[in-house]
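Chains P and C are the protein sequences, given in the same order. For the first sequence, the tail end lands on 380 under this note's numbering, and the numbers increase by one without skipping. For the second sequence, the tail end lands on 287 under this note's numbering, and the numbers increase by one without skipping.
Quick caveat, the hints were computed from the structure, so don't treat them as lab data.
Reference excerpt, derived from the structure (chain C facing chain P, CB under 8 Å, subset only):
1) SER182
2) GLN183
3) GLU185
4) ALA186
5) TYR188
6) ASP189
7) LEU190
8) GLY191
9) ARG193
10) ALA201
11) PRO204
What you are looking at is a predicted structure, and each value in this text was computed from that prediction instead of being measured. Positions of the beta carbon are idealized from the N, C-alpha and C atoms, including for glycine.
One-letter residues, chain by chain:
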Amino acid sequence: MEPTLFRSRRERKLGEHIAVRLEGVTKRFGDQVVVDNVNLEIRDGEFFSLLGPSGCGKTTLLRMIAGFDTPDAGRIIIGGKDMTQVPPYLRPVNTVFQNYALFPHMTVEQNIAFGLRMKKMPRDQIAQRVQWALELINLPGYEKRRTDQMSGGQRQRIALARALVNEPEVLLLDEPLSALDLKLRQELRIDLMNLQERLGITFIFVTHDQEEALVMSDRIAVMNKGRIEQLGPTEEIYELPKTAFVAKFIGDSNLIPAQAIEPRKVRTALGEFVLDDEDALVPGQEVLLSIRPEKIRLFREKPNLPNLFRAKVDDIIYTGSENQYVLVAGGQRLMCETLNQDIQEPGHEEFTYDEEVWVAFTPEKLVVIQDTASGSNPYA
Amino acid sequence: MREATTPWERLRRVLFTVGPGALWLVLFILIPTLIMFVASLMSRGSLGQLVPPFGLHNYLRFFSDPLFIEIIGRSLWIGFWSTVFIMLLGYPLAFYIAQSRYKEVLLLLVVIPFFTNFLIRVYAWIVVFQKEGLLNGLITAFGLPPAELLPSTFAVYVATVYTYLPFFVLPLYAAVERIDWSQLEAAYDLGARPIRAFWEAIFPQTVPGLFAGFLLVFIPAVGTFVIADLLGGGKVTLVGNLIQLQFGSAQNWAFGSAASMVLMAMVLLGLWLYARTQGEKGLDKLV
Numbered sequence: 001m002e003p004t005l006f007r008s009r010r011e012r013k014l015g016e017h018i019a020v021r022l023e024g025v026t027k028r029f030g031d032q033v034v035v036d037n038v039n040l041e042i043r044d045g046e047f048f049s050l051l052g053p054s055g056c057g058k059t060t061l062l063r064m065i066a067g068f069d070t071p072d073a074g075r076i077i078i079g080g081k082d083m084t085q086v087p088p089y090l091r092p093v094n095t096v097f098q099n100y101a102l103f104p105h106m107t108v109e110q111n112i113a114f115g116l117r118m119k120k121m122p123r124d125q126i127a128q129r130v131q132w133a134l135e136l137i138n139l140p141g142y143e144k145r146r147t148d149q150m151s152g153g154q155r156q157r158i159a160l161a162r163a164l165v166n167e168p169e170v171l172l173l174d175e176p177l178s179a180l181d182l183k184l185r186q187e188l189r190i191d192l193m194n195l196q197e198r199l200g201i202t203f204i205f206v207t208h209d210q211e212e213a214l215v216m217s218d219r220i221a222v223m224n225k226g227r228i229e230q231l232g233p234t235e236e237i238y239e240l241p242k243t244a245f246v247a248k249f250i251g252d253s254n255l256i257p258a259q260a261i262e263p264r265k266v267r268t269a270l271g272e273f274v275l276d277d278e279d280a281l282v283p284g285q286e287v288l289l290s291i292r293p294e295k296i297r298l299f300r301e302k303p304n305l306p307n308l309f310r311a312k313v314d315d316i317i318y319t320g321s322e323n324q325y326v327l328v329a330g331g332q333r334l335m336c337e338t339l340n341q342d343i344q345e346p347g348h349e350e351f352t353y354d355e356e357v358w359v360a361f362t363p364e365k366l367v368v369i370q371d372t373a374s375g376s377n378p379y380a
Numbered sequence: 001m002r003e004a005t006t007p008w009e010r011l012r013r014v015l016f017t018v019g020p021g022a023l024w025l026v027l028f029i030l031i032p033t034l035i036m037f038v039a040s041l042m043s044r045g046s047l048g049q050l051v052p053p054f055g056l057h058n059y060l061r062f063f064s065d066p067l068f069i070e071i072i073g074r075s076l077w078i079g080f081w082s083t084v085f086i087m088l089l090g091y092p093l094a095f096y097i098a099q100s101r102y103k104e105v106l107l108l109l110v111v112i113p114f115f116t117n118f119l120i121r122v123y124a125w126i127v128v129f130q131k132e133g134l135l136n137g138l139i140t141a142f143g144l145p146p147a148e149l150l151p152s153t154f155a156v157y158v159a160t161v162y163t164y165l166p167f168f169v170l171p172l173y174a175a176v177e178r179i180d181w182s183q184l185e186a187a188y189d190l191g192a193r194p195i196r197a198f199w200e201a202i203f204p205q206t207v208p209g210l211f212a213g214f215l216l217v218f219i220p221a222v223g224t225f226v227i228a229d230l231l232g233g234g235k236v237t238l239v240g241n242l243i244q245l246q247f248g249s250a251q252n253w254a255f256g257s258a259a260s261m262v263l264m265a266m267v268l269l270g271l272w273l274y275a276r277t278q279g280e281k282g283l284d285k286l287v
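I would like the entire structure built from these sequences, with the hints used as guidance.
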């Protein structure tokens with residue numbers, strides 16, 4: 001494996017073993033290729049996210065790991081065994097469904113006990129495991145409740161307990177938080193992370209919410225049009241996007257077309273910029289520069305910094321904790337975010353409409369995207 | 001909404017809302033049933049009119065004559081087996097329609113027979129089953145001797161199943177249509193094999209529809225007389241035929257009323273058992 005530039009966000013040690021390996025997995029619906037030759041290794045105990053817009057193939061990929069769909073080509077290896085043709089009821093994985101798919105004619109207890117009952121576990125043992133699961137999700141005493149009497153968050157947790165009580169090797173989560181409101185979602189993110197860390201079960205988490213993926217994951221695979229655009233540790237995905245799609249889909253990004261004039265220097269409509277050492281370019285090469293809005297520095301007085309240019313403040317968006325400036329320079333619009341710290345020091349000033357400001361691109365913060373083929377609009 | 005203040009206002013409100021329905025029920029269900037109950041306690045006059053003395057003699061006659069017991073037994077028997085056949089056909093059919101891409105068309109096909117009068121549809125079966133009919137045409141085309149299909153119990157079964165199948169399929173379809181199919185996947189996911197998964201995750205959710213369909217089919221199938229009359233000839237006499245006969249050519253309204261009351265009592269007994277097993281909600285689902 002190539003060395004990663006960033007360590008995992010939580011600096012956790014992941015298992016050496018591969019929990020799930022996908023080899024050239026392809027799935028077509030009619031003549032539409034939904035999953036296109038995906039290769040992937042997910043490690044033991046990893047919190048792995050499949051992130052992408054709707055229709056990118058992430059759910060289909062998850063369904064193939066669960067066994068609900070069979071790939072048209074490729075192999076799915078779970079726990080070292082080829083499971084490509086194995087039906088879902090014989091796979092050592094369990095799923096938390098987007099709509100929870102709880103059994104409406106069963107109590108909470110019966111729902112959670114279902115998998116254990118299928119395994120023919122003795123009754124008293126089942127009762128113990130159900131108790132354990134209810135405590136795990138912090139809902140003890142809810143055994144006899146009907147699931148339709150419970151709130152969305154509670155049902156989500158029951159779905160989680162119903163899956164986890166079976167001690168799967170891998171837990172598959174299909175956008176489990178998407179139906180909940182923001183506050184609850186943020187709480188459950190933390191709960192999910194803690195649970196995963198405590199149980200040490202490999203989680204494969206499908207989401208279209210980039211923040212969710214960033215907060216929880218050890219590694220993220222960003223998917224687009226059935227392919228993995230980029231795969232890497234969470235910070236790497238955010239800090240070093242390899243394609244314009246990733247740069248735009250994960251957080252906000254300013255993309256600036258550029259042409260190399262030297263191995264470490266490019267020309268753009270905003271001026272000439274020097275780049276960080278890592279990115280050696282062929283002169284004449286067309287690339288995209290990506291810079292995150294929060295990494296752009298603004299000054300009232302000209303600072304002594306490289307990559308400086310003048311821009312006009314076109315719009316100011318006040319979000320409370322941040323001031324977002326829309327800058328115009330060289331016919332291009334740039335998004336820039338500064339923390340609303342309420343101090344007037346160089347680098348922390350607040351600016352007004354139509355003010356001419358100095359903009360500095362720190363060379364290390366300029367990410368060069370050599371793959372300019374993928375569209376800049378992730379929603380196109 | 002303003003609170004009703006005087007008792008008069010409250011009464012007026014009740015009359016406006018519940019009144020018309022209650023009136024309809026009283027006029028067309030309660031009063032006729034009471035009339036029939038009274039008639040069943042009376043006797044036949046020499047001209048076929050209803051006359052005293054009052055008494056339980058019609059009921060005693062009904063239950064003491066093995067012929068009538070046999071008729072009731074046969075009605076229940078044919079009604080029961082017709083319902084079983086309908087369930088065997090209708091249960092998969094409802095699922096097939098619910099998951100089909102053409103479910104609107106298929107539902108329309110289920111409902112279309114209602115556009116034609118029931119009697120005419122039963123006559124249509126005569127065309128199929130008669131000696132030179134469609135079915136025998138098919139049989140003889142294969143070089144086999146023509147079958148004696150009319151009148152026969154077989155023909156009665158076929159027409160009964162045909163007639164009441166939609167009454168079973170429609171309520172069941174309504175139950176099946178509401179099922180969230182990811183529950184089946186959830187059951188697989190939790191280790192249930194396909195048949196087990198269906199039985200545990202899906203089947204229980206269709207039980208109310210199954211009961212509703214059963215009653216909607218069984219009750220009229222037991223009481224039918226037209227099908228047995230036209231396709232069963234003199235061979236198959238059902239309780240419906242008996243009642244029709246008493247009110248018609250036999251001119252014994254009193255005895256016909258008693259037979260009707262017995263039939264109704266059996267049906268109500270069935271409903272009561274249903275309510276007992278399904279709880280009060282069960283009856284709501286039925287309606």
